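K.L.:
Sequence:
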Amino acid sequence: MAKGFSTREENYSKWYNDIVQKAGLAENSAVRGCMVIKPYGYAIWEKMQAGLDKMFKDTGHSNAYFPIFIPKSFFSREAAHVEGFAKECAVVTHYRLKNDPDGSGIIVDPDAKLEEELIIRPTSETIIWDTYRNWIQSYRDLPILVNQWANVVRWEMRTRMFLRTAEFLWQEGHTAHATREEAMEETYRMLDVYADFAENHMAIPVLKGVKSENERFAGAEETFCIEALMQDGKALQAGTSHFLGQNFARAFDVKFTSREGRLEYVWATSWGVSTRLVGALIMAHSDDRGLVLPPRLAPIQVVIVPIYKNGEEYQKVCAKAREIRDALQRMGVLVKLDDRDTYKPGWKFNEYEFKGVPIRVAIGPRDVDNDTLELARRDTLAKEVIPAGQLGQVVEAWLASIQETLYKRALSFRENNTREVDNWEEFKQILDAGGGFIMAHWDGTAETEQKIKEETRATIRLIPFRRKEEPGRCVYSGKPSAGRVVFARAY
RNA sequence: CGGGGUGUAGCGCAGCCCGGUUAGCGCGCGUCGUUCGGGACGACGAGGCCGGAGGUUCGAAUCCUCUCACCCCGACCA
Numbered sequence: 007m008a009k010g011f012s013t014r015e016e017n018y019s020k021w022y023n024d025i026v027q028k029a030g031l032a033e034n035s036a037v038r039g040c041m042v043i044k045p046y047g048y049a050i051w052e053k054m055q056a057g058l059d060k061m062f063k064d065t066g067h068s069n070a071y072f073p074i075f076i077p078k079s080f081f082s083r084e085a086a087h088v089e090g091f092a093k094e095c096a097v098v099t100h101y102r103l104k105n106d107p108d109g110s111g112i113i114v115d116p117d118a119k120l121e122e123e124l125i126i127r128p129t130s131e132t133i134i135w136d137t138y139r140n141w142i143q144s145y146r147d148l149p150i151l152v153n154q155w156a157n158v159v160r161w162e163m164r165t166r167m168f169l170r171t172a173e174f175l176w177q178e179g180h181t182a183h184a185t186r187e188e189a190m191e192e193t194y195r196m197l198d199v200y201a202d203f204a205e206n207h208m209a210i211p212v213l214k215g216v217k218s219e220n221e222r223f224a225g226a227e228e229t230f231c232i233e234a235l236m237q238d239g240k241a242l243q244a245g246t247s248h249f250l251g252q253n254f255a256r257a258f259d260v261k262f263t264s265r266e267g268r269l270e271y272v273w274a275t276s277w278g279v280s281t282r283l284v285g286a287l288i289m290a291h292s293d294d295r296g297l298v299l300p301p302r303l304a305p306i307q308v309v310i311v312p313i314y315k316n317g318e319e320y321q322k323v324c325a326k327a328r329e330i331r332d333a334l335q336r337m338g339v340l341v342k343l344d345d346r347d348t349y350k351p352g353w354k355f356n357e358y359e360f361k362g363v364p365i366r367v368a369i370g371p372r373d374v375d376n377d378t379l380e381l382a383r384r385d386t387l388a389k390e391v392i393p394a395g396q397l398g399q400v401v402e403a404w405l406a407s408i409q410e411t412l413y414k415r416a417l418s419f420r421e422n423n424t425r426e427v428d429n430w431e432e433f434k435q436i437l438d439a440g441g442g443f444i445m446a447h448w449d450g451t452a453e454t455e456q457k458i459k460e461e462t463r464a465t466i467r468l469i470p471f472r473r474k475e476e477p478g479r480c481v482y483s484g485k486p487s488a489g490r491v492v493f494a495r496a497y
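If you use my numbering, the first sequence corresponds to residues 7 to 497, in order.
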């Protein structure tokens, strides 16, 4: 185990914080609840953005940008929406500072009070639908398929790096459609995009389903989500896609003339994922030696560490190292040659290990003489000496294999920690003994869900889309149930 | 907002109960030398308004009062 690292066993949340800190992903800032995302952490987010952005474009969406400030009155137009977000909004009340007359510093100028306060967006439905009103008159103007990359602010009581911060980065898609069916299709489509991204880019298997009423987005008719299981047995909501019905169209009076000449309200969706995904990535794959990154999201896929005793060897080894770096680069591999003379090879091995770099190539004088290279893979920690000429094909194979191994490992973890439970005592016992997903019957009432939450801190993560028809009895109330839902303690 | 904790060098901490020279340790940092295939070693060196304000005292990191900040656990949430 790495020096100065907590283990998952010992203290899971300390382990998580150690990784964030030691891998150089982020740090706390001078502002409570807000983090500084450091270059390496931001590079991971950029890779996520790139992957998702392409998928959004491929499904017909365009990016746009709306203001960070939302007039308070907009916000209160949709009743459920305000209700849901009111408690965590930052509000701008003034637009000017001035020197304190008593000379002790700077104060808010009381004469610069805003006519109407501005909310710093916790999400952008209201300002976007206020704008869409002017964009939409006819069915010919539909659909509108827009996405925005932005920051949002939700004044959370308690925060955790990446998983919950007062300000976070995300994307929010906001679409407008002529029919319920089309909007519903879009809601499903984007959830599939998220699931595809989670599984194929992040190597994290996810469950897809519908949120219960309690967990539904404020202002939505239905919220779909993907849920992943973290290594400590807690669930993490990794993405949501909302069918907003005509709620926002009504609130902002967005109507269009249909093909049949009728004036109708527009149908809406919204969907988002955030920098929280970075937290999911950490908790899904990393081990007691540090971060483990799936190759598709690794800012550095291969690091080359030269080994040498003196200046002469340094020249010789680095010349060869530069050759292989260039060769890998030509193949499109993200490769870094760390030829710094200020750190020792052993130090670098550890450094890149806790940064989660998938493949390490070590090259020393012996390798140059024998025309070999030593490769090590981060997921299994296996080392292998290969002929230098095979580097390209081995790297390619390993990157694919690491991506696959991580997914399979995460999948088998989830399978081993998903249990069908029909007995209330067992339900509680499993939660206290490591958690995981619990598939249990539920009577469908919010009251029962609430009671279960109060007694166990577990919530309904989702009602699976595809669940077998299996009549049963609610694990808590014993009342009839049409099928199992997924319970877990969640982040 | 409730409960618990912590503020002493860049980071992690000791010292505080029981007040008394120049406030200490580890890591990190700088210079030099030896090292370099899994976090090297030695020598020398730099770095502190002991979170802030007030008080008690001949004397405060240490005792008292007040304040501010942050962290952890809850409630709330992506």
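Everything labelled a hint here was simulated from the structure, so no lab data went into it.
In this text, all values refer to a predicted model and were calculated from it rather than measured experimentally.
Just so it is clear, CB atoms sit at the ideal spot from N, CA and C, and this is done for glycine as well.
Honestly, I wouldn't trust all of these hints.
As the list claims (entries may be wrong) - Listed next, the in silico PhoX-like pairs over lysine-lysine satisfying Cα-Cα at most 20 Å (straight line):
1. K315 x K354
2. K485 x K459
3. K326 x K350
4. K457 x K474
5. K326 x K315
6. K434 x K350
Claimed, not checked - So the derived label-pair ranges between C-beta atoms look like this:
7. K457 x A86: 20 to 28 Å
8. E191 x W155: 40 to 48 Å
9. G267 x D115: 48 to 56 Å
10. D117 x A96: 18 to 26 Å
11. R38 x A92: 19 to 27 Å
K.L.:
Keeping to a limit of 20 Å between CA atoms, is the pair of K485 and K459 held or broken?
P.N.:
18 Å, holds
K.L.:
Starting from the hint 18 to 26 Å, judge whether the C-beta atoms of D117 and A96 obey it.
P.N.:
22 Å, holds
K.L.:
Do G267 and D115 keep their Cβ atoms within the hinted range of 48 to 56 Å?
P.N.:
54 Å, holds
K.L.:
Is the distance from the Cβ of E191 to the Cβ of W155 consistent with 40 to 48 Å?
P.N.:
24 Å, violated
K.L.:
So if I understand the rule, the pair passes when the alpha-carbon distance is 20 Å or less; does K434 with K350 pass?
P.N.:
50 Å, violated
K.L.:
Could you grab the alpha-carbon distance between K315 and K354 and see if it respects the 20 Å cut-off?
P.N.:
15 Å, holds
K.L.:
Just to be sure I understand the hint, the distance between the Cβ atoms of R38 and A92 should be within 19 to 27 Å; is that true here?
P.N.:
Given about 20 Å between the Cβ atoms, the range holds.
K.L.:
Given the hint that K326 pairs with K350, test it: the Cα-Cα distance must not exceed 20 Å.
P.N.:
19 Å, holds
K.L.:
Within a Cα-Cα threshold of 20 Å, do K326 and K315 meet the stated pairing?
P.N.:
16 Å, holds
K.L.:
When you check the alpha-carbon spacing of K457 and K474, does it fall within 20 Å?
P.N.:
25 Å, violated
K.L.:
Is it true that the C-beta distance of K457 to A86 lies inside 20 to 28 Å, as the hint says?
P.N.:
23 Å, holds
Hints 4, 6, 8 from the earlier list are contradicted by this structure; the remaining hints agree with it.
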